[in-house]
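Using the hints provided, position chain B relative to the given structure of chain A.
There are 2 protein chains.
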Amino acid sequence: MEKTKVAIVGMGTVGTGVARLLLDHGDRTARHAGRTLWLQKAVVRDLTKRREIDLPQGVLTDCIEEVLGDPEIRVVAHLVGGLEPARTIILRLLESGKDVVTANKALLAEHGGELFDRARALGRSIAFEASVGGGVPIITNISQCFSANQILAIRGILNGTSNFIVTQMDEGGMTYREALEAAQRLGYAEADPTMDVDGSDAAQKLAILAHLAFGARVHWRDIPRVGIEQLQARDLQYAAQLGYRVKLLASARWTDSGLELHVSPTLLKKGRPLAEVRGPYNGFAVVGDAVGDLFFHGQGAGQMPTASAVVADMIDTAVGRTGITFRTLALWSQRPAAVDLRAHEDLLGRYYLRFQVKDRPGVLGQIASLLGKHGISISSVIQEEHGSSNQPVQTVSLVIMTYDASEGASRRAVEEIERLESIDGPCVRMRVAESLHKELAR
Amino acid sequence: MEKTKVAIVGMGTVGTGVARLLLDHGDRTARHAGRTLWLQKAVVRDLTKRREIDLPQGVLTDCIEEVLGDPEIRVVAHLVGGLEPARTIILRLLESGKDVVTANKALLAEHGGELFDRARALGRSIAFEASVGGGVPIITNISQCFSANQILAIRGILNGTSNFIVTQMDEGGMTYREALEAAQRLGYAEADPTMDVDGSDAAQKLAILAHLAFGARVHWRDIPRVGIEQLQARDLQYAAQLGYRVKLLASARWTDSGLELHVSPTLLKKGRPLAEVRGPYNGFAVVGDAVGDLFFHGQGAGQMPTASAVVADMIDTAVGRTGITFRTLALWSQRPAAVDLRAHEDLLGRYYLRFQVKDRPGVLGQIASLLGKHGISISSVIQEEHGSSNQPVQTVSLVIMTYDASEGASRRAVEEIERLESIDGPCVRMRVAESLHKELAR
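Read top to bottom, the protein sequences are chains A and B.
With the working numbering applied, the first sequence corresponds to residues 3 to 444, in that order.
With the working numbering applied, the second sequence corresponds to residues 3 to 444, in that order.
One chain only, chain A, in its complex shape (with noise of 0.2 Å):
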């Protein structure tokens, strides 16, 4: 049976798991690829650190010249984090003739058009799967399964470590910093959390799909996010109370006025599947104009999941699948996109509002008063009994969803309702999704 020898860079968990499979299931690569990958070297920086793997003689090494140097070498899974070294070795692979398949979000969302085309320029290939939902193929899906269709929107929750924070707020108690301590000690969360707390992670991540989905070459800096930081676990429950979950999620929708994107805690429907995906896991809404709506949901991360994604993308790369796709879709060329983003300010939909009031007769008047300025309605309110009556400058909780209005008048209404002596401390405000189909219907 023909033979395509392969390398990982970085022996790490998904590293560890990538060997795993190479060297225990070589008989599934030579079924679906007709060929074994065969482990010819695997790079690392640290030779003495244990190992939760025994490799065969002579494949681990810390020197990555033995796969640069060696031309056999054809493909080779780069699984190093953060931005450099992990570009230049990128760079490296490529100029030594390689094909080269990543995990690494990060530096697709930051140079994706630096390394496209440099790999376009010397006919190499560069796959990334797993860079986006772990274990579930969204990225196989988008650019390949949908080519048919204008897609008109993509909604996901892209950030396992968040969902699982929230998660454990919603259904167990937790407020935030103990979430976050429960994701921490079960390996969910990296010891600084911030990129996948602040939505940087999900806003990366959402970057790629719309660029493979739109075609929109746009940063992800420039996506407009908020992180589940602030989240509180009685906004939670208030969201319950009105038959909603809240959700990291992330979201594009193509209008007529430019593709909108944003991350952000939203609140969705309970018993829609977005709704209910749970825990460290991923899930992925997609209509498209002639396939309608489709619902993935699977394991956004971890060892074998994610190990899944990367050696299936060694497999496509070594038959010469990623090949074609990587040519056909000219992904990340220098051709100018397209595709304008709408103005965030524009954006509308449904709000969730919390406000603290010091004092309830006339103040929901007043607030309904601003709102109403700002050329929104209430849809329902839930006010909170006050606990005791005998301490007279306790707050309670106003809670208001609103029509739909834009993310401007939103903000801005808030921004000037805040200022009213009645109400103390800042607003929560969150977005509430609406059924795709409605969204769509706009």
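Hints listed in this document are in silico derivations from the structure and should not be mistaken for laboratory results.
Since we're looking at a predicted model, the values are computed, not measured.
Incorrect hints may appear among the rest.
[As the list claims (entries may be wrong)] Simulated crosslink set (EDC-like; lysine to aspartate or glutamate; CA at most 16 Å straight-line):
hint	chain 1	residue 1	chain 2	residue 2
1	B	K272	A	E278
2	B	K271	A	E278
3	A	K271	B	E278
4	A	K272	B	E278
Just chain B now, kept in the frame of chain A:
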């Protein structure tokens, strides 16, 4: 831009949808395939029939020779139903050098071996994404995206017609007959709906998936199957009372003692993704040993979802991806299949049983001891109250949920119980699905 000439044979609902995508949205194929798919010919039986689409001059023909004899036509969408002349047409297309895309699952389930071997011998390819799941790209996902996995289980709602009928019975309170008529009125069911409602269509699709996922070569008629024709609204109500919904489920499970395959109305716990697949939708739960559990949901039939899958296949074929997949996977080749089917009698699971009981006192004891004789324990019982006690011959329903039992034991026990003097008419016996995690841990 490069141009690939294509043709459509069969201009029914799906063929018309394919023509629409090719003619109206050539920019999409250009963007995703780096080339135009140029519709050269559309072959129909009856040129005089009124069509929903205006084709350019010279495209419509009733003469297939115009396709076979034109060497510039490289890819043909074969959208002819049934076995003959569909089989002969596909063979002639292959022999005249065309790569074929088909949506005909009955043809593949019946003649897959012959057609794929012939295509291979001729250096041609057959793509068939649209044959299973309509717009849900389950074929690509299983044959390409999960190639690093041993698939452990697939469960699916594969037949939109029967799922529409069951949903109408469950939520609309209709009888089977009324729901079937509604399905026919709305175009979800054919005038002769036999293959849809008796489980044959689902079995044909399951045979295709089992071949892709497990390498099994099983004839669809050898897959044990029960349809929905005998389903009664009151069993859906009892199931709901117990926290379940009934769905026509197709199931494949990889076990140490062989592959389990069957199609049958099955109780699924409410809230699980498959239980919530409604109306004409399809849903697939797939478990791979690396990737974990995945769930896919989308429109399982209909003009544009199916056309979306066909055109994606035409693009994949035109750019060369299909050819690679077809060669490396060696589908339906004559090499012996190393997969044994597990005897259906040995299938383990819980069961829902409903007996019509004439004379209640003592009969539960009789039933319980006969179940016990076959090693079957009772998990819960619903005894219907007598409606009016002055009708002495009235029967009441006795619903029993069992713990794990084999298919054979449950069948034999029920046959014995049905012979009791106090039992009126045949028993209703349906499988109860555990969560896949639980079932795989058996």
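**Asked** Holds or violated: are the alpha carbons of K271 of chain B and E278 of chain A at most 16 Å from each other?
**Response** Judged against 16 Å, a Cα distance of about 15 Å means the pair holds.
*Is K272 of chain B within 16 Å of E278 of chain A, Cα to Cα?*
With a Cα-Cα distance of about 13 Å, the restraint between K272 of chain B and E278 of chain A holds, given a limit of 16 Å.
**Study point:** Hint consistency between K271 of chain A and E278 of chain B [alpha-carbon to alpha-carbon, up to 16 Å]
**Key:** holds (15 Å)
Exercise. Can the restraint linking K272 of chain A and E278 of chain B be considered satisfied, given a maximum Cα separation of 16 Å?
Worked result: Holds: K272 of chain A and E278 of chain B sit about 13 Å apart, inside 16 Å.
In the structure shown, no violation is registered for any of the earlier numbered hints.
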